[in-house]
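J.: One-letter residues, chain by chain:
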Amino acid sequence: SQQGEEDPQALSIQEGENATMNCSYKTSINNLQWYRQNSGRGLVHLILIRSNEREKHSGRLRVTLDTSKKSSSLLITASRAADTASYFCATDGLDYGQNFVFGPGTRLSVLP
Amino acid sequence: EAQVTQNPRYLITVTGKKLTVTCSQNMNHEYMSWYRQDPGLGLRQIYYSMNVEVTDKGDVPEGYKVSRKEKRNFPLILESPSPNQTSLYFCASSLWTGGTGELFFGEGSRLTVL
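Just so you know, the sequences run in chain order A and B.
Under our numbering, the first residue of the first sequence carries the number 1, and numbering increases by one thereafter.
Under our numbering, the first residue of the second sequence carries the number 1, and numbering increases by one thereafter.
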């Protein structure tokens with residue numbers, strides 16, 4: 001069962017622009033995390049937001065969480081070519097035990 | 001250095017020839033998990049383990065086995081590989097604290113079954 005769904009599937013922007021990716025999920029969660037994957041490499045943790053938090057910042061990253069809409073967004077400000085990667089959200093749901101489930105990801109291309 | 005180590009990184013094998021992909025972590029994490037990644041499908045969970053001798057099926061467990069005899073190791077076993085198991089496999093671990101622990105991933109094992 002796929003819990004998270006990222007949107008859009010692919011995003012192409014110019015360097016310096018902001019990139020926004022969205023994640024929707026189906027069941028109640030404890031936490032939501034965002035990960036980044038450079039092509040073919042292992043995923044790297046970016047940020048975690050708890051279900052009782054609405055917004056969190058880390059450097060150029062801003063994450064929001066709306067539990068009433070079961071959705072989250074990841075904003076990358078002032079994007080750089082090095083931000084080109086795939087971004088995934090992962091949730092640990094209350095309904096399916098202690099486990100992490102990933103969405104299909106958003107492929108971000110930042111053009112120089 | 002904290003890390004998750006998978007081996008082999010690349011493997012080409014033939015249908016039916018049993019193989020094991022090893023995964024080891026040096027962070028004393030309770031939680032470990034295996035995922036496969038296929039184009040357009042994201043990461044799909046195969047099996048996970050909350051601690052030693054505790055394993056559970058993920059979304060796509062068919063054709064795979066796992067064991068967790070030691071905390072640091074979580075091997076993935078393909079008893080009789082088939083071409084549809086050609087994929088990129090990732091092992092991950094986490095210090096599970098009610099889901100607030102981040103996942104640490106290995107670098108991946110690219111498996112081709114002919």
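No lab work stands behind these hints: they were computed from the structure.
Ideal Cβ placement from N, Cα and C applies to all residues, glycine included.
One or more of the hints may lead you astray.
Label-pair restraints from in silico Cβ distances [claimed, not checked]:
hint, chain 1, residue 1, chain 2, residue 2, range
1, B, GLU1, A, SER58, 19 to 25 Å
2, A, ASN52, B, VAL54, 44 to 50 Å
3, B, SER80, A, LEU75, 27 to 33 Å
4, A, PRO8, B, GLU107, 23 to 29 Å
5, B, LEU11, A, VAL44, 45 to 51 Å
6, B, GLY63, A, THR64, 27 to 33 Å
7, A, GLN14, B, GLU107, 28 to 34 Å
8, A, SER58, B, GLU79, 39 to 45 Å
9, B, THR15, A, ALA10, 32 to 38 Å
10, A, GLU17, B, LYS69, 47 to 53 Å
J.: Which numbered hints does this structure break?
T.: Per hint list: 2, 3, 5 and 6 violated.
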